[in-house]
Amino acid sequence: MPAIIRGKNGGTKQLIRDRRSYKTSYTLNSDKYGSVTFNVWIVCTYKNGKRREHGREFFVYAVYKVKLTLSLIHDDYRLRFGIESSYRMKNQCRIKTTIKNPTIRLLFVALAFLIINVWIYLVWHFISRLKRSTRQVFSDLFTLKQMLEFLRQAVDRSYGVACEVYLPSG
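Those letters in the sequence shown? Residues 11 to 180, per the working numbering, in order.
In short, the hints are calculated from the structure, not lab data.
There may be inaccurate statements among the hints.
Unchecked claim - For lysine-lysine, the following BS3-like pairs were computed, each having C-alpha atoms within a straight-line distance of at most 25 Å:
#1 Lys75 / Lys33
#2 Lys155 / Lys106
#3 Lys141 / Lys57
#4 Lys57 / Lys33
#5 Lys100 / Lys110
#6 Lys100 / Lys155
#7 Lys33 / Lys77
From just these sequences and the hints, can you work out the full model?
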């Protein structure tokens, strides 16, 4: 699990001192909850011109009974972060329902992922520009929220909006 790098001199900021990755332990102190000591892995990576940046980048991970190397834990968490991000996006455009049929619920999840992939395709091909062998993406000009609003308006035009509810007499 990633740990937050905080503090100016103390805190987990003090762990970032070398030009290499290493393992150590860290004690977190609290007046209210006491203190706890746990294993921390500090991973040092080099930006190498990624996103036009240079220099070192540090990542701090709190670990417990992990059988990975320092570089593998960083790669593993980067992959997991991508998966978690796609699930957060899926929850933005998921159809909320009380239907208990798992087939229909799975269909709604698949539809949410399909909508996300269509949005990514549209942004990549129509709202980006190739600039010096890299693609400059302007995703803030057409957000996922905007696309969902366009889809909602299209459904409203096709099927109409219920503005009144009829209550039977009796």
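Hint-by-hint comparison with the structure:
1. Lys75 / Lys33: 13 Å, holds
2. Lys155 / Lys106: 16 Å, holds
3. Lys141 / Lys57: 20 Å, holds
4. Lys57 / Lys33: 21 Å, holds
5. Lys100 / Lys110: Holds, at roughly 19 Å.
6. Lys100 / Lys155: Status holds; Cα separation ~12 Å.
7. Lys33 / Lys77: Cα-Cα ~13 Å, so holds.
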